[in-house]
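A.B. asks: Listed below are the residues making up each chain.
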Amino acid sequence: MSVLAAQGLRKSFGANAVTRDVSIDLGPGEVHALIGPNGAGKTSLLAQLAGTLAPDAGRVRLDEADVTHLPVHARARRGLARTFQVSALIGPLTALQNAALAVQARSAHPLSFLRRAEGDAALEGPAMEALSAVGLRDRARVSADDLAYGERRALEIACALAQRPRCLLLDEPLAGMGHEEGRRIVALLADLKGRIPMLMVEHDMDAVFVLADRVSVLVQGRIVASGAPEAVRADPAVREAYLGAVA
Amino acid sequence: MPLGLLLVQALNGLELGVLLFLIAAGLTLVFGVMDVVNLAHGVQYMLGAYLAVAAATWTGSFWLGVAVAALACLVLGALLERLVFRFLVGADHLEQVLATFGLILLGEEGVKLVWGPAPLSLAMPAALAGTIPLYGGLHYPVYRLGLLGAGLAVAALLALVIGRTRTGMRLRAGATNAAMLEALGVNVERLFALVLAAGAMLAGFAGAVAAPVVAVDPGMGGPVLILAFVVIVLGGTGSIGGSFLAALLVGLTDTLGRGVLDAVLDAVLPPSAAHMAGPALASMLIYLLMAGVLAFRPGGLMPARSRT
Amino acid sequence: MTGVVRGAAIVLFVMLAAAPVAAQLYGNAYLLALATRAAILALAAVSLQGVVGLAGLPSLGHAAFLGIGAYVLLILATAGYGEAALSLPAAMLAAAAFAWPTGWLALRTRGVTFLMITLAFGQMAYFVAESLAAYGGDDGMPLDPAPHLFGTDLLGRATVFHALVLVLLALAVLTAHGVGGSRYGRVLLAARASSERAAAFGFNVARVRLLAYVIGGAIGGLAGWLLAIANGFVSPALLDWRVAGELLVMVILGGVALPEGAAVGAVLLVVAEEALSVATEHGRIAIGAALLGVALLRRARQAA
Numbered sequence: 001m002s003v004l005a006a007q008g009l010r011k012s013f014g015a016n017a018v019t020r021d022v023s024i025d026l027g028p029g030e031v032h033a034l035i036g037p038n039g040a041g042k043t044s045l046l047a048q049l050a051g052t053l054a055p056d057a058g059r060v061r062l063d064e065a066d067v068t069h070l071p072v073h074a075r076a077r078r079g080l081a082r083t084f085q086v087s088a089l090i091g092p093l094t095a096l097q098n099a100a101l102a103v104q105a106r107s108a109h110p111l112s113f114l115r116r117a118e119g120d121a122a123l124e125g126p127a128m129e130a131l132s133a134v135g136l137r138d139r140a141r142v143s144a145d146d147l148a149y150g151e152r153r154a155l156e157i158a159c160a161l162a163q164r165p166r167c168l169l170l171d172e173p174l175a176g177m178g179h180e181e182g183r184r185i186v187a188l189l190a191d192l193k194g195r196i197p198m199l200m201v202e203h204d205m206d207a208v209f210v211l212a213d214r215v216s217v218l219v220q221g222r223i224v225a226s227g228a229p230e231a232v233r234a235d236p237a238v239r240e241a242y243l244g245a246v247a
Numbered sequence: 001m002p003l004g005l006l007l008v009q010a011l012n013g014l015e016l017g018v019l020l021f022l023i024a025a026g027l028t029l030v031f032g033v034m035d036v037v038n039l040a041h042g043v044q045y046m047l048g049a050y051l052a053v054a055a056a057t058w059t060g061s062f063w064l065g066v067a068v069a070a071l072a073c074l075v076l077g078a079l080l081e082r083l084v085f086r087f088l089v090g091a092d093h094l095e096q097v098l099a100t101f102g103l104i105l106l107g108e109e110g111v112k113l114v115w116g117p118a119p120l121s122l123a124m125p126a127a128l129a130g131t132i133p134l135y136g137g138l139h140y141p142v143y144r145l146g147l148l149g150a151g152l153a154v155a156a157l158l159a160l161v162i163g164r165t166r167t168g169m170r171l172r173a174g175a176t177n178a179a180m181l182e183a184l185g186v187n188v189e190r191l192f193a194l195v196l197a198a199g200a201m202l203a204g205f206a207g208a209v210a211a212p213v214v215a216v217d218p219g220m221g222g223p224v225l226i227l228a229f230v231v232i233v234l235g236g237t238g239s240i241g242g243s244f245l246a247a248l249l250v251g252l253t254d255t256l257g258r259g260v261l262d263a264v265l266d267a268v269l270p271p272s273a274a275h276m277a278g279p280a281l282a283s284m285l286i287y288l289l290m291a292g293v294l295a296f297r298p299g300g301l302m303p304a305r306s307r308t
Numbered sequence: 001m002t003g004v005v006r007g008a009a010i011v012l013f014v015m016l017a018a019a020p021v022a023a024q025l026y027g028n029a030y031l032l033a034l035a036t037r038a039a040i041l042a043l044a045a046v047s048l049q050g051v052v053g054l055a056g057l058p059s060l061g062h063a064a065f066l067g068i069g070a071y072v073l074l075i076l077a078t079a080g081y082g083e084a085a086l087s088l089p090a091a092m093l094a095a096a097a098f099a100w101p102t103g104w105l106a107l108r109t110r111g112v113t114f115l116m117i118t119l120a121f122g123q124m125a126y127f128v129a130e131s132l133a134a135y136g137g138d139d140g141m142p143l144d145p146a147p148h149l150f151g152t153d154l155l156g157r158a159t160v161f162h163a164l165v166l167v168l169l170a171l172a173v174l175t176a177h178g179v180g181g182s183r184y185g186r187v188l189l190a191a192r193a194s195s196e197r198a199a200a201f202g203f204n205v206a207r208v209r210l211l212a213y214v215i216g217g218a219i220g221g222l223a224g225w226l227l228a229i230a231n232g233f234v235s236p237a238l239l240d241w242r243v244a245g246e247l248l249v250m251v252i253l254g255g256v257a258l259p260e261g262a263a264v265g266a267v268l269l270v271v272a273e274e275a276l277s278v279a280t281e282h283g284r285i286a287i288g289a290a291l292l293g294v295a296l297l298r299r300a301r302q303a304a
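Chains as they are written, first to last, in our numbering: chain A, 1 to 247; chain B, 1 to 308; chain C, 1 to 304.
For the record, the hints were derived by calculation from the structure and aren't laboratory data.
Just so it is clear, the structure is predicted and the values come from calculations on it, not from any experiment.
One thing to keep in mind: the hints can contain errors.
Covered stretches of chain B, going by a simulated chain C footprint (3 or more residues, C-beta under 8 angstroms) [to be verified]:
(1) 91–98
(2) 107–119
Below, a sample of chain B positions facing chain C; criterion: calculated Cβ distance under 10 angstroms [stated by the list, open to error]:
(3) His-275
(4) Gly-300
(5) Leu-301
Using N, Cα and C, we set each Cβ at its ideal position, and we do this for glycine too.
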C-alpha cells in the first residue's frame, strides 16, 4: 500500500517527450531517490507529482485517492509537502513566520479575518518545533531573506515538516551546498528517515546512497532501473546512461 | 451587407491596424526590452500630429511637415530616454506608471498651453486629395490608401531591420532576456536609447500621417494608448510579429466588426433594442477579442518573453 | 517613510474634519463640498489599495465599481426606492457581483496583462453605462430626489453627510490594517512573495486573491454611492478609464503599501487639482511634473 503512486505518466512539450510512461511509487516510511543525468526529465516528473504540471496521460495517487486532476493546494491539504530546488520562501517573513504559515494552512481557521497572524502560540508552537528539528531554533526571528543559503534549505525542510505531511517531495535538497552544509542536511534527512516517506530528486550520489532505501534511475523520460541502491549502482545499463558519472 | 461597404470597412480596418502597429511596435519593444511600462506613448503619437501640423503650416509643405515631425519625435524620444526612462529601468512597474502618467499630464497640458484646446486640422497633400472608385459605385480616399501603403512599407522596413540586422538581433534577444544581453557585453544603454527613440519616431510618424484624417486635439493620445496596449497584450508583449498580427486583428475588429455586428443585431433584434445595445457592444468588441484570446493563451498570440 | 505618511494622513484627516467649520467661517460652502469629495475619493483609493497593495493586483478597472455603485443608486431612486438603507447594500452587492466573475477571469493573468484585462472590463462597464438611454445615456442624469435615511433627510445635510464620509473613511483604513495583520492578510502577503510557495502550503491562492478583489470592488461601490449623493448627479464619466487611472495613481503616490498612503495620495491630488485650477488653466502641468518628480526621487532613493 503505497503512500504516493504514479502510473503511466506521459508528458510532451510539443514534439519533445519529457515523461514516457513512468510509473513510480513511494511506500510507507521509505526514502526513494530519483536520479538521472541532466535533461532526464526529473523536474518535470516531480512537477507532475506535486501538481504544478498536468500530465498528458496517467494517474497520480495519494494514499490510494486519485489526485491527478487536483491542483497543488488541494494535494498539499491532503498531506503532500514539497521543497523547491530554487528556494521559494516568503522573504520578508522570519523563519518562524514562514513555518507558522505552514501550520496555519492546516489549522481550523486558515483564512480568518479576525485572528491575528502574529504572536499566535497555536501557530508558533508547532512552528518552533519544526525549526528546532532542523536546527534553526536560534534563527527563528531572522527574516528568510537574511538567512544563509544552507539555512534557507533547512528552513524549506522545516516548513514542509510543519505541514505534518503524509509524504515529502524533495527537489534537490542538496543543490548548491558546500560539503559541510550538505552533511548537516543529510544528517537532518537521515533523522527523518522512517518517520516520513520521502521521494527525493538528487544529484549528490553520496547522499543518495546513504539515505535511500530504493533508487530509481530516470533517463530521457523513462525509468531504466529501480531497486536497492547497491543493485542499481552495479547495473550496467545505469552506468552506461551516466557515462561514468556514478561513483 | 453590400460587398462594397464591406470592402470599405475592411480597408479602414487595415488602415487602423497598420497605424496601430506603428504605435504598438515602439510600446512593445520598450516593454519587452527595457521592461518599462510607458503610458506616455500615446502622447508621442499626439505630438507627432501636432508637430506635423505646425511644421506643415510653417513650411507650407505637407511632406516636410511629416518629415520634421518624425525627426523631432526621434530626438524627443532620445531626450526622454536620457532624462527619464533610463532611471525607470528596473523600477517597479507601478512606479513607472506614476512617472509616465505624469508625462501624460505634462504632454497634454503642454500642448494645450502652446496650441490651445481646440482641435487643429491638417489638409491633405494635393497629390493625394482625391478618391478612387471602388467596388459597387463606392469611392475610397486616395490618401487613406496611401496611408495604408506607407504604413505597410514602414512595417516591412521594421521587420527587415529587426530580422536581418545585428541591432535587430540584439533587440529580439533583449525582448526575451535583457539580463543575458548585458552579460554578453552588449551596450545596453545605447540599445535602450535606440529603442525609445525609434519607438517615439514611429508613433510620431503615425500621428503625423494620421493628422489629415483624425481630430488633432490634446486628448487624441488617450484612446490610441488603450488600443496600443490592447494590441501588445493581445500580440504578446515584446513580440513585433505578434503586435503586427494583433494590430490588424484589432483594426479589423473595431471597424469591420462594428459593421458586421450592426447588421447582425438589426437582423436579430427589434430596432429599439438593437439601437441601444449596438453601440455598447460594438465598442466592446475589441475588449471581448482580447479577453477571449487571453483566456486561452495568457501569453498572447505570439509570446516572446522567456521571463515572467 | 511610513511615519511621514502616517503623520500626513492624520494631519489631512483633521483638516478634512475641520472643513465644515472652515466653510462656515469663510462663508464658502464650496470648501465643504471639496473636502467631502476628497474624502470620498480617499475612500475609493483605500479600497483600491487593498487590491493593489495587499493582494498585489494592479487594477485599472476600479472606476467601474464606483460607477456601478452610483448607477444602482440612480436606478433605485428613479424607481421610487429612495431609502438609503436599501440602496447602499444594493450598490455594494452589485459592485461585488461584477467583481466576482470579472475578477475570476482576470486572476488567470498577472502583471501588465492583468492590468489590461481589468481595463477591458472597466471599459465594458463604461460602454454599458453610456448606452443606458433611460438614465441619460452619454450625459447622465441628476440624482433626484436625494436618498433619505430611514425617512429622514439627514443625507441631504452637507455637514452630516461629511461626517458620515469621514467615519467610513476612518473605518476603511482601520479595517484595511486589521485585514493586513490577520491570518488572511498573512496569506495574501505570502502569495505576493511566492504564490508557488503559498499554494504548496495548501492555500488556494486564486480564491484568496479573488476575495480581496471582490471586497475591494464592494467598497468601491460604496464610494460610488457616496459620490453620487455628493454630486447630486450620475454620469458615465465616472467609469472613464482616466478615472481608474487617477485612482491607481493616487494609490501609487501614497506608496502602495499603506492604506492611509492611498488616502493621502487621493486628498493631495484632489486638492492640488482644485487649487491649481483656480490659479491657472494649466495647473495639470505642475501636477504632472510633481508625479514625475516623486517617481524619479523615489527611484533615486531606492537605487542609492
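A.B. asks: Indicate, hint by hint, whether the structure satisfies it.
C.D. replies: Hint check:
Only residues whose beta carbon comes within less than 8 angstroms of a beta carbon in chain C count, and the region 91–98 of chain B has 7; three or more means the coverage holds. Coverage of the region 107–119 of chain B by chain C holds [criterion: at least 3 residues with CB-CB distance below 8 angstroms; count 6]. Interface hint status for B:His-275: upheld, as the beta-carbon distance to the closest one in chain C is roughly 8 angstroms, under 10 angstroms. Interface restraint check for B:Gly-300: the shortest CB-CB distance to chain C comes to about 8 angstroms, inside 10 angstroms, so the restraint holds.
Residue-level restraint check for B:Leu-301 is violated (minimum Cβ-Cβ distance to chain C is 13 angstroms; threshold 10 angstroms).
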